[in-house]
Structure formats: C-alpha cells, structure tokens
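2 protein chains.
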Amino acid sequence: MRGNVIVGQSGGPTSVINSSLVGVYKTAKDRGAGKVYGMLHGIKGLLDRKYVDLSEHIKSDLDIDLLKRTPSSFLGSCRYKLPEIRDNTEIYDKIFDILEELEIEAFFYIGGNDSMDTIKKLSDYAILRSSDIKFMGVPKTIDNDLAMTDHTPGYGSAAKYIAAAMKEVIRDGLVYDYPTITIVEIMGRNAGWLTAASALAAGEDCEGVDMIFLPEVPFDIDKFMARVTDLAKKQSSIVIAVSEGVKVADGRYVFELKDHVEYVDAFGHKQLQGTAKFLADKIGSEFGIKTRAIELSTLQRCAAHMTSRVDITEAFQVGGAAVKAAFEGETGKVVVLDRISEDPYICTTSCQDVHKIANIEKKVPLEWITKDGTYVADELIHYIRPLIQAELSPMMVDGLPRHLRMRR
Amino acid sequence: MRGNVIVGQSGGPTSVINSSLVGVYKTAKDRGAGKVYGMLHGIKGLLDRKYVDLSEHIKSDLDIDLLKRTPSSFLGSCRYKLPEIRDNTEIYDKIFDILEELEIEAFFYIGGNDSMDTIKKLSDYAILRSSDIKFMGVPKTIDNDLAMTDHTPGYGSAAKYIAAAMKEVIRDGLVYDYPTITIVEIMGRNAGWLTAASALAAGEDCEGVDMIFLPEVPFDIDKFMARVTDLAKKQSSIVIAVSEGVKVADGRYVFELKDHVEYVDAFGHKQLQGTAKFLADKIGSEFGIKTRAIELSTLQRCAAHMTSRVDITEAFQVGGAAVKAAFEGETGKVVVLDRISEDPYICTTSCQDVHKIANIEKKVPLEWITKDGTYVADELIHYIRPLIQAELSPMMVDGLPRHLRMRR
Chain G
1 MRGNVIVGQS GGPTSVINSS LVGVYKTAKD RGAGKVYGML HGIKGLLDRK YVDLSEHIKS
61 DLDIDLLKRT PSSFLGSCRY KLPEIRDNTE IYDKIFDILE ELEIEAFFYI GGNDSMDTIK
121 KLSDYAILRS SDIKFMGVPK TIDNDLAMTD HTPGYGSAAK YIAAAMKEVI RDGLVYDYPT
181 ITIVEIMGRN AGWLTAASAL AAGEDCEGVD MIFLPEVPFD IDKFMARVTD LAKKQSSIVI
241 AVSEGVKVAD GRYVFELKDH VEYVDAFGHK QLQGTAKFLA DKIGSEFGIK TRAIELSTLQ
301 RCAAHMTSRV DITEAFQVGG AAVKAAFEGE TGKVVVLDRI SEDPYICTTS CQDVHKIANI
361 EKKVPLEWIT KDGTYVADEL IHYIRPLIQA ELSPMMVDGL PRHLRMRR
Chain F
1001 MRGNVIVGQS GGPTSVINSS LVGVYKTAKD RGAGKVYGML HGIKGLLDRK YVDLSEHIKS
1061 DLDIDLLKRT PSSFLGSCRY KLPEIRDNTE IYDKIFDILE ELEIEAFFYI GGNDSMDTIK
1121 KLSDYAILRS SDIKFMGVPK TIDNDLAMTD HTPGYGSAAK YIAAAMKEVI RDGLVYDYPT
1181 ITIVEIMGRN AGWLTAASAL AAGEDCEGVD MIFLPEVPFD IDKFMARVTD LAKKQSSIVI
1241 AVSEGVKVAD GRYVFELKDH VEYVDAFGHK QLQGTAKFLA DKIGSEFGIK TRAIELSTLQ
1301 RCAAHMTSRV DITEAFQVGG AAVKAAFEGE TGKVVVLDRI SEDPYICTTS CQDVHKIANI
1361 EKKVPLEWIT KDGTYVADEL IHYIRPLIQA ELSPMMVDGL PRHLRMRR
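If you're matching them up, the sequences are chains G and F in order.
For the first sequence, the numbering used here gives the first residue as 1, with consecutive numbering after it.
For the second sequence, the numbering used here gives the first residue as 1001, with consecutive numbering after it.
Keep in mind that the hints were calculated from the coordinates and are not lab data.
Accuracy of the hints is not assured; some may be wrong.
Covered by chain F, per the in silico footprint, the following chain G stretches (three or more residues, Cβ under 8 Å) [to be verified]:
| hint | stretch |
| --- | --- |
| 1 | 67 to 76 |
| 2 | 157 to 164 |
| 3 | 301 to 308 |
| 4 | 387 to 394 |
The model shown is predicted, which means the values in this text are computed figures rather than measured ones.
Ideal Cβ positions, reconstructed from N, Cα and C, are used throughout, including at glycine.
Model the full assembly from the supplied sequences, consistent with the hints where possible.
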C-alpha cells in the first residue's frame, strides 16, 4: 500500500491553480495513496503544523468540478523562501520530522519559479538526510516566466481574460466622437507575456490595441509621446497596453518617475502599480486629451469566470503527471509542458530537473517584439492563441459563479 | 405605410445598450417602418447629418444576436446638451429640418437622465413647431439612477459583473496569511446602486465584502479608520467596496482630500477617480498593512461577457415598447419598467412623461442603508437579486467573445 502525500500552493494565485490541486488529489487517490494532506499557506503553514486532510474538504464529484472553477489558492498561499541549507539545517529537519510523522511518501508544491526554489532545497536536503520522500514541482503562474516549459498553467486563462477585457475596453473607447486615450496596465514585472496577450484582441470584429509595451525593451518616454501624437492625428480612440514592469533606459520603473509606494515582499519584489496612471496623467496634462488609466489588477489572475479550457485541462494534467512521476520514483523534478505540434495544437508533459527551473525567469524573446518596441510579432500571437481556446463554463447559482470554499 | 424612424444612443455605454437598439430596430421593422436610421454619436452626429441606414449594418439574425452581445454603443455616443429652446430655436429648426427631410415618423433616444433632456426638449419643440414627429426615450444606464422606473436596463448586468468580480477578489484576498486590505472602487457619482451590488457576493460560498460605502451617506474618515482597525484584529483579509462618489461631510469628494485631476464634461460632471487609492494609501501608511486599490473602471460598464439575461431581455423590451408606443401616437414619454411581482419576479413596461424623468437622479433610499452607513440593508439585496439572474452566453470565436462592429 502507498503512503500519504501532501500538497501545497505557493506564490500568487491563478484562476486554475485549484485545477492542479484537483489533479494531484484525484490522481493520488486513484493511484492508491493513503491520505492526501493539504498544507495551509504552503510550506510556511506546514512549519506551524497547519494542514488538512483534503478528503474532508473535497467530498464529491461536484466538489471537484466546483474546485476547478474556484479562483485563488484553495489551501491558501505564502511567499516564503527557505533559508540556504548551509545556513539553517534545523528548519529542514523540522520539516522532514513533520513529513515523516505524517508518513509522507511524496510532497507536491504548486507554484512559480520562486516556489520551485522550495522543491529544489527540499529535494537537495532529502539527499543529505537520506530520506526517500519524493519532492515534485507543479508549475503555475499567470506570468508564464518559467524556464524549460512551453508555457505555464494559469497563463492561458489570464491571457484569455486580458484579451477579452481588451476587446471590451476597445469598444468602450470608441464610443465618443472626441479623442480619448486609454492606457491599460497589465501584470508582469520582468516578463511581458501577459501584456503581449492584449494583441489577441485584434481581429475581424475588433480594431485591436494600438501599442503594446513589454518590460523586455527599455521604454522611451519621448518616443512614446511622439507616437501618441501621431496616432491622435489619425484616430479618435487610442488604446495602449503597458506592462506594470516597463522601465526606462536607466533601469527605473516608469511609475518611479513620479511618486511610488514601496512594498517589498519576502523575495525582494517591489509592489508595482501606477505605470498607466503616470502615462495617462502625462498625456492628459501635456496634450489636453481625455485619458483613462485602467489597471487590470488582481482581476486578471482570479477571473475564474473566464478560463481557457485548454489551460484548466493542462493545469489538471501537470498535477496528475507530478503524482504519477513521484509514484514512479522521480524526485527533485518539475512537470513541464511540451508543445509537440502546432497545428493541431498538442501538448504533452515531461519532467525536468528543478535546478534548471527554480529562480529563473523566462522572458519574451526579443525577436517576438517588433523592432520599434511598440507591438508584438505574429510569432508571439501564434504562440499564445492555442492557449486561450475553449471554455469551462462557470456553474451559475442564483446569478453568480459558484466556488468551493474551505470551511475551517 | 409607415414612415421612417431614427434611433440614437447617448451618454455612457452599457453592456446591454445595443440590445435596446436591436429592440427598436426589430420592432420598427416588424411593425412596418420604412427605413430605420441610426444617428452616429447621438444628436450631435445628427446635427452634422451623420447617420446610417441600420439595415445596411444589421443584415441577419446572427448580426442581431451578436449585437445583443456587443458592449458599448454600436452607433457611438455623445454627451451633448441641447440649449434651452428660448435661447436658440435655430438648432431645433435644423434638427427638425433634417428629420423632415428623412421623413421621420418617430425618434428614439436610448440614454440616461441627461439624455432624456434631449427627448424632453425635442418633444416640447415639436409642439411649438406643430410637428407630429413622435419622440420617445428608451432608458439605459448602469447607474440605475433614473426616476419613475423600478430599475434601468444596464444596471442588472453591471451589478452581476460587480458581484462576480467581488467574489473573485474576495477569494484572491484570502490567499495569504498576513493581513491585506483590498479597497474596490465602483462607479456612481451620486447614487450608490452599483456599489451596493457588491453585497450580492456574500453567500454560502463567499465571505462577502466587509464594508460598503455609498455616496448617499457622508463619509467619515476617522470612523472608517477605526472600523478598519477593528476588522484587522479579527480577520486577515478585508475587502471594502467604495463608491467613486463618496463625499465627506463638507461636500468634498474623498479623492479630493489628496490630489485630483479635474475633467469636467458637457454636463458639468467631474471625472472621478482615486478614492480607493487614497484610502488604501492612508491605511497603508498609518497602519503599515499591505493594501491594494482596485478600480473596476470601465470594465464594469462594458463586460458583455457577463451579462444578466433578465437585463438584456428587458433592454430589448424597452426598445420594442418605445416603438409600439410611438406608433400608437405617444410622444414625450419614456418607457419605464414596473415590477408587478416580487416572487416570482415579473416586470412589465409602461410610458411616463419625460418631464418627470429628465435631469432627475434617483438615489438609494436611506432606509436601504444600514444605520452606521457601512453596509446595505437586506431590502436592497432583495431588490437587486432578481436583476442579475440567468445569462446570455457570449458567442465564443477562436477563444474570445465575438462582437458586431460597425464598418464605415
């Protein structure tokens, strides 16, 4: 008989991260696992012995289908970085003591490149401790900035939401007959994958966004203002997508050019906000044109009412594949997605060494950005398009999408 | 044989305003109208002789169903206030000359209380000019602030979107194990109907928002900060809904307490923005708690991917009822919605004198707000709930909702 397994969620939530949780839970149960524990608030909660028996919270097939449609991390999340092993073995021994006490055979962590650092360190320490607990990473991030994988679960749904919201904002912007400029700020500190998804809005029924600025290319304010002037001569409504993380040539974030509120999390990341507002105010004051700044904010990472079926299915698959791999003896690996065919789109999974993935950010290749840095190349659009296909309709109860909530 | 009719859209767009346009178009055609013209950018466009023959743009039943699902004003909108008749009869004569030249039998204007001013003045002038052109108002506004009607088309869908987004934001806020405060800014200058809709988030599967502030009640910053302190002792995530139009006792908008960018439109309205950010910054700097400000911005008025079927059906009905009434000889009237039964919810239409509706704002009754001004009463929730029921699924093409775009 199999031992028990434990699963945690870490980092920023997505609208499909719970589909991966279901993938781990269901596959572990189907393959004969004993108990499936869920860490509350990731590794940080585990250190405080905060965990649940998931079968007490997922009780039916209906629960499973509701959980797939529930945004944010069902188990709660954390942004907690384990110390280097050489600096503090005590904390590692504590974790392993708890895992052994719970008779854990395999440990799954659903997260992005920061969270994969946890899998790396725990699997490294397992070697030092001669533990045979398996540690597997399950990828998730709306940012799509994980190395070694074609894309990350969570990205497709965020991209679909962004493109759909952009189509609506573009229609809204065209309503008046005087000039309006709308600047939409999209998440992405260093990688422009999410902002690039705004390019999907353009089509037979939509004018598309006029400019797209990614953090991969230094932002030139003077050229930006000149481009806006040119566009304003030609059309009454201008819609611009800008990544929250765009920086000017000297390395400062654009929003830092004015004022900024700094919040630095445990991984040393600043909280970014205000890029669109800064640019909108600048255009408004210099050109006297009516402007509007829109931040998609957390809406883009929790819009479970508008998920991609491709994404939610793949999110489930990477969870399941992680369990299968662990039960077959793999450890210190991350399940990745391999696109083996473009048309028709076919993606499979494989396992990659976590050392090649943890703490590494995958950026948008410069050849997928137009030379003038104001839009994305067709290759990038072709890359994203399959990831937003099809829907998993929300279950509507009394007029609103139904979720599964953990009762404690 | 019937003459021709003309229809225009005015004021801020909604996600169902085009369903009213379809209601006018289809009912006019079905009842034997000649041509159905559409003013481009409302009365302002008509003055420049900008109009289209709608049958050249709505060519099939598929177009009709796509148009119902297309947000923003298909014909374009304007914020244009006609002068008082005594001040400028020339402009009125110009409009009537154009209408007579186009052999218009009935004129329909889809808009809110500002736009109904246009119907009032034109129908008044028709008497002076002894014209038998009929002028009918078709209500629309997400703000739900129109007098004489139970509610306005456009409100139910915006309310549904707000409640659904709130449910997602609430789940997102609960993800970390440290305190976070999310303040969500919702549209509504003087009336809190939209912000009140955030109360619908609470239910079996959702904790709901913690406080709701409407512009009907003066906002007391000190009490607000004290309430936040109390809540922060009890729970790790706090979500607060605040109307963009909340004002302190001396009449200043909350966002004006810091800095503000003023934009005043043709009706003398200031562009409001920054209430949530101001409050979030204040909490962050005084209490050192992580805060996030979210503005639902135009997303709440153009989220056609999340409409209420009740709303979109009623939007169609008021358009159709306006045509029927005009063809039966009514003029100077607005079609309103009458709720004749609560359970089951049943709504019918009737016609009301435009003079009782134009330029009047209907606010949330004070008895529908809790005494301490931090939440809404059950009566208000019961009032809104039927308006968000059921869905009109978007037509998804290549992964995104399909719209109908006017080609010029």
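Structure-based check of each hint:
Closer than 8 Å: that is the beta-carbon criterion, and the stretch 67 to 76 of chain G has 5 residues meeting it against chain F, so the requirement of 3 holds. Evaluation of the coverage hint for the stretch 157 to 164 of chain G: fulfilled, as 3 residues show C-beta separations to chain F shorter than 8 Å, against a requirement of three. Given a C-beta distance limit of less than 8 Å, the hint that chain F covers the stretch 301 to 308 of chain G holds, as 7 residues qualify and 3 suffice. For the stretch 387 to 394 of chain G, the proposed coverage by chain F is satisfied: 5 residues have a C-beta within less than 8 Å of a C-beta in that chain, meeting the threshold of three.
Of the numbered hints listed earlier, not one is contradicted by the structure.
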